[in-house]
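Asks: Protein chains in written order, with numbering that gives the first Met the number 0: chain A, 0 to 77; chain B, 0 to 921.
To be clear, the hints were calculated from the coordinates, so they are not data collected in a lab. A few of these clues could be false.
[What the hints assert, rightly or not] Coverage of chain B stretches by chain A, computed from C-beta distances (three or more under 8 Å per stretch; other residues unrestricted):
hint : segment
1    : 110 to 120
2    : 225 to 236
3    : 585 to 597
4    : 613 to 619
[Claimed, not checked] Ranges between beta-carbon positions, derived for each pair:
hint : chain 1 : residue 1 : chain 2 : residue 2 : range
5    : B       : 850       : A       : 53        : 36 to 44 Å
6    : B       : 289       : A       : 53        : 52 to 60 Å
7    : A       : 22        : B       : 203       : 57 to 65 Å
8    : B       : 783       : A       : 24        : 19 to 27 Å
9    : A       : 53        : B       : 784       : 36 to 44 Å
10   : A       : 56        : B       : 673       : 51 to 59 Å
11   : B       : 503       : A       : 53        : 37 to 45 Å
12   : B       : 486       : A       : 56        : 34 to 42 Å
13   : B       : 673       : A       : 61        : 42 to 50 Å
All C-beta atoms, glycine included, are put in the ideal place defined by N, C-alpha and C.
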Amino acid sequence: MTTAAPTPAHVRLANGIAAQFRHRDPATAAEEIAAHLRAFWDPRMRALLVADAEAGRPGLDPLVRAVAELLPPPPPRP
Amino acid sequence: MSLIKEPDLGTPARPGEPTVAVEIDGKEVLVPEGTSVMRAAAEAGIDIPRLCATDSLEPFGSCRLCLVDIDGRKGTPASCTTPVAPGMKVRTQTQKLAKLRRGVMELYISDHPLDCLTCPANGDCELQDMAGVVGLREVRYGFDGENHLTEPTDSSNPYFDFDAGKCISCSRCVRACGEVQGTFALTIEGRGFASKVAAGAGGSFMESDCVSCGACVQACPTSTLQEKSVVELGMPTRSVLTTCAYCGVGCSFKAELRGDEVVRMVPYKDGGANEGHSCVKGRFAFGYASHPDRRLKPMLRERITDPWREVEWEEAIGYTARRLLEIQAAHGTGAIGGITSSRCTNEEVYAVQKMVRAAFGNNNVDTCARVCHSPTGYGLKQTYGTSAGTQDFKSVDKADVILLIGANPTDAHPVFGSRMKRRLRQGARLIVADPRRIDLVRSPHIEAAHHLALAPGTNVALVNALAHVVVTEGLVDRAFVNDRCEDFETWERFIAQPEHSPEAVADITGVPADELRAAARLYATAPNAAIYYGLGVTEHSQGSTMVMGMANLAMATGNIGREGVGVNPLRGQNNVQGSCDMGSFPHELPGYRHVSDDAVRSVFETLWGRTILAEPGLRIPNMFDAALDGSFRALFVHGEDIAQSDPNTRHVTAALSAMELVVVQDLFLNETSKFAHVFLPGTSFLEKDGTFTNAERRINRVRPVMAPRTGKHEWQIVCELAQAMGYPMKWDDAAQIMDEIAVTTPAFAGVSFDRLDRVGSVQWPCDDAAPEGTPLLHVDGFVRGKGRFVETVYVPTEERSTRKYPLILTTGRILSQYNVGAQTRRTGNVAWHPEDVLELHPHDAEVRGIRDGDLVALASRVGETSLRARIDDRMPVGVVYTTFHHPATGANVVTTEHSDWATNCPEYKVTAVQVTPVGARR
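Isolated chain A, as found in the complex (with noise of 0.2 Å):
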């Protein structure tokens, strides 16, 4: 028996928020959703949730990939 992994954080944030607006236009969803992440998250959660949804992370809400797609790509590994 495997133990799955525990979400992380930003993963959970970004899912919770997608359902807040899953009632609207996809569209216009994703670029409040995008806004919202811009105005209140650190540069740094916004980069680790454009990386998990380049890499394809399981668990991503699909509104959350559409709004990954409306931010900056994370910064290159040093």
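Model the placement of chain B on the given structure of chain A, informed by the hints.
Replies: Leaving out everything else, chain B in the frame of chain A:
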């Protein structure tokens, strides 16, 4: 400064313009209709002798000392109970009156101990004063007759004695308990000579419903009700006006001292927030400031397993600065941050956020408001344009319907709770939305019209249903909405959908549809309806959504922009509002202006000489996560005990343990300091110089009654740390910090210590347009222009009860304790609440074999603790409740990582738990 004694005009002021002209002892005076002769005389500068009258209480007419002659009236009416009439001519001093008054006093003194010289109230006794005023020289009856002199003294209360032998049965204490406090714990039992004050059903004060607010002590004209501190230390000789450091009501107090020793705290009649009232914490629980647990010297240690080592300030600051710079050099500028304190002054908070932004060079600053009212800031800014409550406290006096959601003001904001109860006794209707049957649902002379006992976590479904009724039953204030708001049509279509109807959400909320409909109609049809709310709104996964839902409801019914209405957050700590105002959030500079705003950053960059990052920093929960992923390494914690107050203690302590440097500035070695490498001793409110801003945006002065016991003000320490890190940061005094705040922050443009000293207090915005402040917001238009309706979709929390954890835990506060208890646990208040207990419904107890007082295990999926059970049917079945005042219990061991979607405010109010018995009944 000498002792401050506010004038007492005998009876309360009456509202209205002064239209009634009367002549008293030949002096003309003009007063409002309904004013008593006694008060009219006082306003003309004529003091009429009195004992049972005081201007905080309605006239009673029992002592018969205030008799006067009135032309055309028979006899000698009591001036306190006689209202003025046009053309009335009154004489307060005649031979006949003098004889009558001496006779009255003779009777009083014949049954009163003649121990004035050794009485604790000597020099502060109205009976003594009146004996002098009426010229009493002898007591013809002697002192051998039947009397009350040997009545026992009740010393059960930790803070005051009740010496029945000195009681004159004036009923001032009884009336204060009812009229001012609204508890009705006291009564006069017996008749005639046998009349005496009784607490509750005749037991001791501690056995009664007395909440130890001190109103009775304040009202007592003799030494019958006397502070033990006065008995022990003697009468104070000087006063310093200052502001309470407990809850967000922000009561004004006279700190009364002998030398530098505080004898007592007396509520100040001219205090804008409290108008002479107090609670057990502000009035009596100040002893922590001189508690032996106070740490007065800085301390260091390399590792958290090492013992603390006391050092001088220079070494502590030098070490801290060096380690912070080393960590930044190794891990980046963003690897460090700070947390400001809502218990500290605006000036201290401003200094800390400035240090973070200018000396640390990042926006990693947050405040303990993150874990309480951050959704208020978000929700009200989105809808109304500013992150603050809309009203002053006084506004509730004009409310016809009060909708109280997720707040328990009689415990958490007791002085405002008393004000609210007074309005309810006058006839205002009350709707309570709370899972628990809080005291306001039914208490003496108060009964809520509706108790909407909703399931925890369903606030948004409830507020949507209330709004649904308003929209679908034609209760919208169309004129207000059309004139003042935007996005209404979209919201109206959303909220009118059948899924939001009371019938549709009844299974979600557990609130019967007809009850909810009736409550919605009551709120919507009232001339003035006001919403008051607390952490039962904000500390949810949809806290911000709920704030916006309430804002929608108030706009839809036109309940914004005048007295008696509004959306009013009851803030938790003394300076939550101020700490938010001062730029403590990682995305906002002082005045709630986003860090991405070039023009705003430029104001601070020009003044501070440093570049400010345009990106938001880490919020407190993000700091913990970043600490565990290694990108955040050092934290300056200013006056907050995050290891006890923040959710999921195991997660918090793991994060603190992962950091290379934790700096704690506090009064005591708290739970967080167990993970700290540097301890910087802080100052109590009695040593602070600055301002607090309360829940009604009222900026009040905090004046030092003594020099800092640590040798330094906290803002000085912050400045020295910033300087040691290479950033020149200096002020000469706290007034200069406020001057800088005024220069940089438009809402504070008119605020200065000089102005506050002159006018007492101001409510922001205070600027050229409103130099005396702004009691009511959004009067002619919303701060953002148009009020914005926002669709509020109900999204259930992911925290669900399960077979393993079938109960829902909700946490909160209790009257006698405050926050993590660091202050109140070090006072006599432990007499009321020596430990946290778990309240649960008799059914939930019965099925688990739990009896009242049993030790029980409280477990969630993240942790387990144990505490005593209290079985109480005010809890609904399936919901349990506890407080987080005691570290031994550590209630946050069981709370989880869930948080408000918009602000990360923890979801303290919904945790799935199981409760099992582990020990025998105590």
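Asks: Hints first: check each against the structure and report whether it holds.
Replies: Now the hints, each set against the structure:
no.: 1; hint: 110 to 120; result: violated (count 0)
no.: 2; hint: 225 to 236; result: violated (count 0)
no.: 3; hint: 585 to 597; result: holds (count 4)
no.: 4; hint: 613 to 619; result: holds (count 5)
no.: 5; hint: 850/B <-> 53/A: 36 to 44 Å; result: violated (58 Å)
no.: 6; hint: 289/B <-> 53/A: 52 to 60 Å; result: holds (59 Å)
no.: 7; hint: 22/A <-> 203/B: 57 to 65 Å; result: holds (58 Å)
no.: 8; hint: 783/B <-> 24/A: 19 to 27 Å; result: holds (24 Å)
no.: 9; hint: 53/A <-> 784/B: 36 to 44 Å; result: holds (40 Å)
no.: 10; hint: 56/A <-> 673/B: 51 to 59 Å; result: violated (36 Å)
no.: 11; hint: 503/B <-> 53/A: 37 to 45 Å; result: holds (41 Å)
no.: 12; hint: 486/B <-> 56/A: 34 to 42 Å; result: holds (35 Å)
no.: 13; hint: 673/B <-> 61/A: 42 to 50 Å; result: holds (43 Å)
The structure fails to meet hints 1, 2, 5 and 10 from the earlier list, while all remaining hints are met.
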